[in-house]
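Student: Below, each chain spelled out in residue letters.
There are 2 protein chains.
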Amino acid sequence: MKIALVQTPGLLNNIPGAFVHMATQAAEAKSNGADILLLPEMYLSGYNIGPQAARAQSITVEGLAPAQEIAKTHNIALVFGYPERVGDNVANSAVLIGPDGSILLNYRKSHLFGDLDRAMFKAIGTEFPIAELHGYKIGLLVCYDIEFPEPARRLALAGADILLIPTAQMEPYEQVAKHVIPARAYENQLYVAYANHSGNDDGLSYIGLSSICGPDGAILAAAGKTETMLYATCNKPHQAAVRAADPLLADRRPSLYGPLGATSRLD
Amino acid sequence: MKIALVQTPGLLNNIPGAFVHMATQAAEAKSNGADILLLPEMYLSGYNIGPQAARAQSITVEGLAPAQEIAKTHNIALVFGYPERVGDNVANSAVLIGPDGSILLNYRKSHLFGDLDRAMFKAIGTEFPIAELHGYKIGLLVCYDIEFPEPARRLALAGADILLIPTAQMEPYEQVAKHVIPARAYENQLYVAYANHSGNDDGLSYIGLSSICGPDGAILAAAGKTETMLYATCNKPHQAAVRAADPLLADRRPSLYGPLGATSRLD
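Order-wise, the sequence lines are chains A and B. Quick note: the first sequence, position 6, residue 8 per this note's numbering, numbers continuous. Quick note: the second sequence, position 228, residue 230 per this note's numbering, numbers continuous.
Next comes chain A alone, as it looks inside the complex (with noise of 0.2 Å):
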C-alpha cells in the first residue's frame, strides 16, 4: 500500500475550497499510484480558527459527502482533520473514508493540547478504533496524541499496522517531528505517517517536518518546512520480519508496568 501524504498551510475557513484543494491533491496523489492520501489536523477548516469559527463550521459525519465522492470518483482513500460536531460540542476528529467512499474509521482527539485546543474542543473521544483497508490494520490519532506512548501502545497491542496522524505542530516543537515519531514506529513495530501544516497563515508558525516511518523505525520521507507531497510504500513481509527479529511487542513485561493507569488531573 502506498501512503501519499500532504503538508500544506490548506485553507482558512473556506470548507468548500478545502474539498476542492483535496480533490486536485488526491488526482495527484492517485496519478502517482498513491492508495491513501494523509492531510493535516483540522485540514478541513484550518486549525487555529477559534471557538466560534470551529463551532461554526463544525459538521457531522454527514458533512463528510463531498470527501466521500472525491475518494469514490479518484479510488482512493482519504485522511484528513475536521471539526465534528457532536451534539453540543465540538471535537478534534480525523476520519478515514474508503476508496469506495465508506467511512471507515472516525476519531475524535483524545488528549487536547494547552488552552488552544481546549478553548476550541471537546476531548469527547474514549475510543481507538482500528478498520482495514488493503489488508493493513490501520489506527488514526491526532497530534498531541502522539507525544503519549499510551495510546500509540493500545492501538499496536490491538493490532494496527499502521498509525495515521494529521497534525498542526508549531514551533518549537521539532523534537517531537524529528525524534518521538520515528521512535513511536520503531518501539511499536509500525508504519506512522505524520501530516503537517506548513506556513504561518493562521497565526502559528508551523515547523513543517511530516514524516512516513517504517516498522524498525527507519524514516522513509521527510518534508522539509514548506507545502510538499511525500510518498511511502508499506510492506507487509519487510514489517513481519522486523517483527520476527525483535519481538518487542511479546518482549514486554505488562506484570512489571504497575500503575500506569494511575492518577491524572483530567481522569
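No wet-lab data here; the hints were simulated from the structure. Quick reminder that beta carbons are idealized off the backbone N, C-alpha and C, glycines included. Hints may contain errors.
To be verified - Computed beta-carbon distance windows for the label pairs:
#1 B:G89 with A:A246: 29 to 37 Å
#2 B:P131 with A:A67: 56 to 64 Å
#3 B:P131 with A:P53: 45 to 53 Å
#4 B:D117 with A:G89: 50 to 58 Å
#5 A:E176 with B:A55: 43 to 51 Å
#6 A:L251 with B:H240: 28 to 36 Å
#7 B:D102 with A:E229: 54 to 62 Å
#8 A:T62 with B:A121: 55 to 63 Å
#9 A:G89 with B:P131: 44 to 52 Å
#10 A:H240 with B:G226: 44 to 52 Å
#11 A:G260 with B:G19: 53 to 61 Å
#12 A:A25 with B:E134: 53 to 61 Å
#13 B:A247 with A:A246: 36 to 44 Å
#14 B:A121 with A:A242: 45 to 53 Å
Place chain B on chain A using the hints.
Tutor: Same frame as chain A, now just chain B:
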C-alpha cells in the same frame, strides 16, 4: 548536577583492570567538574563474554568495594553495569554508588534482549527503584529496557528526574540511539543519559552514539562512534519550566489506556 558519560570499549574479562580504568575515568570526570560518572552496560567484565565467563566473573554487591573506594576517593558518584550473582543466577545489573561510597541503587535488567542476553542472564529484576542524589531523583535502566516506553514511564510517574542507562547497543539499532533516547526524554520530561560501548573488541560492532538529552528532548551532548567522554549539566529550574509549560504527565488520560498490562509471552 553535572553528568559525565564515558563511551568506551572497556576491558574484556579483566575486572581488576576495569577498576583501574574506572579510577582514571573518575579522576578525569571529577577534574572537569562532574558530580556523577556513567559507564556502559556490563562495564566491569565486558558485555559479550558468553555464559561461562559471565557466571565465573559474577559478583554480589560486596564485590563492588573497589568501586565504592573510587567514588569516595574522587568524591564522585558512579553508575556502571556488572554481572551480579543472585543465588544460582546471574543478573545484568547496574549500580549507583554515591560520592561517599555508599550503594544507593542496584537495578537488575528486566527486559532481556534475544538469545544474547538470555544465554548469560536471568531477568531477575521486578522493581524500578529510585534514589536521590544532589536533589535529583535518579532511576536506572539497562539497554533494551529503554526501547519499551513503559519502564521509563513508570520511573517518571514515580517522580524520577534523571534516567541513567548503561547500554551495549550494536548495529543496526541506530534508531534507538538517535530517536528513542530523545523521545523518552521528551515524553517523560526527564534528563536521559545513555552510555554505550564503542569498538568491537568483544565480537559485536557497537554503534557508539551515546547521548545526554534534556527534559524538552534537546540533545545536550552526543558521541560519534569512537571512545569519548561527554558532559552535560542538569538544571532543575529549566526542568520545572519545561514541565509547567507542557504538563505532559498531567495531560495523560490513564482511564483510556486500557489493557497496557495485557498478556505477553513472558508474564
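Student: Decide, hint by hint, whether the structure agrees.
Tutor: Results for each hint:
1. B:G89 with A:A246: 29 to 37 Å: 33 Å, holds
2. B:P131 with A:A67: 56 to 64 Å: 57 Å, holds
3. B:P131 with A:P53: 45 to 53 Å: Holds, at about 46 Å.
4. B:D117 with A:G89: 50 to 58 Å: 55 Å, holds
5. A:E176 with B:A55: 43 to 51 Å: Holds, since A:E176 and B:A55 (Cβ atoms, about 44 Å apart) stay within the stated range.
6. A:L251 with B:H240: 28 to 36 Å: Holds - the Cβ-Cβ distance for A:L251 and B:H240, about 35 Å, lies within 28 to 36 Å.
7. B:D102 with A:E229: 54 to 62 Å: 59 Å, holds
8. A:T62 with B:A121: 55 to 63 Å: 58 Å, holds
9. A:G89 with B:P131: 44 to 52 Å: 47 Å, holds
10. A:H240 with B:G226: 44 to 52 Å: Given range 44 to 52 Å: violated, Cβ gap about 29 Å.
11. A:G260 with B:G19: 53 to 61 Å: For A:G260 and B:G19 the Cβ distance comes to about 39 Å; the hint is violated.
12. A:A25 with B:E134: 53 to 61 Å: 60 Å, holds
13. B:A247 with A:A246: 36 to 44 Å: 41 Å, holds
14. B:A121 with A:A242: 45 to 53 Å: Hint violated: Cβ distance 25 Å, outside 45 to 53 Å.
Checked against the numbered hints above, the structure breaks hints 10, 11 and 14 and satisfies the rest.
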